[in-house]
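Novice: Here is what each chain is made of, one letter per residue.
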Amino acid sequence: MTLQLGRQSFEDDTTLMMAIVNRTPDSFYDQGATWAEDKAFDRVAQVVEQGAEIVDIGGVKAAPGVFIDEDEEKHRVVDLVARVRATHPSLVISVDTWRASVGRAVCEAGADVLNDAWGGADPGLVDVAAEFGAAIICTHTGGATPRTRPYRVEYDDVVAAAIHDTVAYAERALAAGVARESIVIDPAHDFGKNTFHSLELTRRLAEMVDTGWPVLVSLSNKDFVGETLDVGVGERLVGTLAATAVSAMAGARIYRVHEVVETRRCVDMAWSIAGRRPPARAIRGLQ
Amino acid sequence: MTPPTRVVLVPGVLALLPSYAGLTDPVADLRAACASAVAWLTRDGSPVTVLGDEQGTRVGHHLLGDSPTGAGSSYLVVGNGSACRTEKAPGHLDARAAGFDAALGAALTGPDPEALRAVDPGLARELWASVDAWGQLGDLLTGDHVAHVHHDDDPFGVQYWVIRWEPA
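Here the protein sequences come in this chain order: A and B. Numbering-wise (this note's numbering), the first sequence opens with residue 1 and increments by one. Numbering-wise (this note's numbering), the second sequence opens with residue 1 and increments by one.
Same shape as in the complex, but just chain A (with noise of 0.2 Å):
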């Protein structure tokens, strides 16, 4: 399906790089590197220059730690939005927020995509998105509270459930007002999941992309990767890159990644093989 990330559109053979832009002190991957704003909108800067289509902004860590109150979290993103945008003027600009509040703020400021990591917690978030013409990432937590740690869950089939929930959250958008081309799912690895829950999503990730609605999917440098691998934080690229290949097999078409460069080359490479993408140059035997 055509893809509309608010001012941009994308042919339904294109698979798109989003990069992780994180305006925090503390998220885990990079632990504060780009905290300061001008730090933050020189990586912005720095994914633009090696091809992300998409960057996402976020204001409020994924995992439990300071509460952010949403004065905080706007004060961290809106005014970073507002630059990229100026500067960045065809840049796909989403913000990872569950907070309808945080929404309009960054909408009003240019965002194209609200990336809602946390499942709809808030169900005021497809009404704005629907109000500004804004994308929606409709993700599967199995019904966790943002910023909580899994602690003993347990799915009957974890894939169905993905599906069932992104699928009522699509709709629950469409019906709000969102348009069709503008909605998209994510199984969301690692929320209200442990490393099973991942690796089956991972495996089986065709059953969503099935369900017509275009795939996200947010793999890099987790700790399903990291357990699978018994491999520290910074040691996980070429697990994420395997776990990208394979969802590039099965059809995901968005990748929220840290690397943008890494990433790339194995999306195009398992999209070449998938038979989707020509190879960039081919005269070996053609002569």
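Keep in mind that the hints were calculated from the coordinates and are not lab data. Note that CB positions come from ideal geometry on N, CA and C, so glycine has one too. Fair warning: there could be bad hints in the mix.
Claimed, not checked - Some chain B residues near chain A, calculated using beta-carbon distances under 8 Å: (1) 22; (2) 26; (3) 158.
What the hints assert, rightly or not - Label pairs and their computed distance ranges (CB to CB): (4) A:50 / B:36: 53 to 63 Å; (5) A:11 / B:73: 39 to 49 Å; (6) A:249 / B:87: 31 to 41 Å; (7) B:92 / A:207: 27 to 37 Å; (8) A:229 / B:149: 38 to 48 Å; (9) B:73 / A:261: 34 to 44 Å; (10) A:276 / B:105: 35 to 45 Å; (11) B:168 / A:90: 56 to 66 Å; (12) B:54 / A:210: 39 to 49 Å; (13) B:5 / A:50: 53 to 63 Å; (14) B:88 / A:238: 52 to 62 Å; (15) B:88 / A:50: 30 to 40 Å.
Place chain B on chain A using the hints.
Specialist: What follows is chain B alone, placed relative to chain A:
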């Protein structure tokens, strides 16, 4: 055989086929040369006979697009020189390739029908040259013809020519 009015030679390069297209075209110059020669060949809409081996005729039919094919007085011959001109060439470097191709080039541009009919098929095979239709090309070029070379290059260690001939 119907007397030839127009004859074109193109190489049977598989990269010209859409099924082998990449995001960027490694044979853009060759493709443009083929297109201009074929446009000349088909300009009056008369049918074109394609001559060459199986792969070559597939390439030829692709280059002709929607133009009519069949018996007539226009011929698209598909073939090329050696594929052993450099160390990176498909058939690796063969010291005989340069001389073989130089002689072939002279026979084509002359043109020299007798020399085309006399190409050594054994040597051609050893040098990975595609010359199946060379004898027929020699027959077509009997009498006075003038050659116009659209393309003469060996970008991958394979000798390509795009040439058109018309009666003098």
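Novice: Evaluate each hint against the coordinates.
Specialist: Against the structure, the hints come out as follows:
The restraint placing residue 22 (chain B) at the interface with chain A holds, with a minimum CB-CB distance near 4 Å, inside the 8 Å limit. The beta carbon of residue 26 (chain B) is positioned within 8 Å of a beta carbon in chain A (closest approach about 4 Å), and the interface hint is therefore held. For residue 158 (chain B), the interface hint holds, since its Cβ comes within 8 Å of a Cβ in chain A; the closest pair sits about 5 Å apart. For the pair residue 50 (chain A) and residue 36 (chain B), the beta carbons lie near 40 Å from each other, so the given range of 53 to 63 Å is not met.
One distance hint, 39 to 49 Å for the beta-carbon pair residue 11 (chain A) and residue 73 (chain B), holds here, with the actual separation near 46 Å. In this structure the supplied range 31 to 41 Å holds for residue 249 (chain A) paired with residue 87 (chain B), their Cβ-Cβ distance being about 37 Å. Between residue 92 (chain B) and residue 207 (chain A) the Cβ separation comes to about 49 Å, which falls outside the hinted range of 27 to 37 Å. For residue 229 (chain A) and residue 149 (chain B), the Cβ-Cβ distance of about 60 Å falls outside the hinted range of 38 to 48 Å, so the restraint is violated.
At roughly 57 Å, the beta carbons of residue 73 (chain B) and residue 261 (chain A) sit outside the given window of 34 to 44 Å. Taken as a hint, the range 35 to 45 Å holds for the pair residue 276 (chain A) and residue 105 (chain B), whose Cβ atoms sit roughly 42 Å apart. The hinted window of 56 to 66 Å between residue 168 (chain B) and residue 90 (chain A) holds, with their beta carbons roughly 58 Å apart. Range check, residue 54 (chain B) to residue 210 (chain A): about 40 Å between beta-carbon atoms, so the 39 to 49 Å window is met.
Range check, residue 5 (chain B) to residue 50 (chain A): about 57 Å between beta-carbon atoms, so the 53 to 63 Å window is met. The hint said 52 to 62 Å for the Cβ distance between residue 88 (chain B) and residue 238 (chain A), and at roughly 32 Å that hint is violated. At roughly 32 Å, the beta-carbon separation of residue 88 (chain B) and residue 50 (chain A) lies within the given 30 to 40 Å, and the hint holds.
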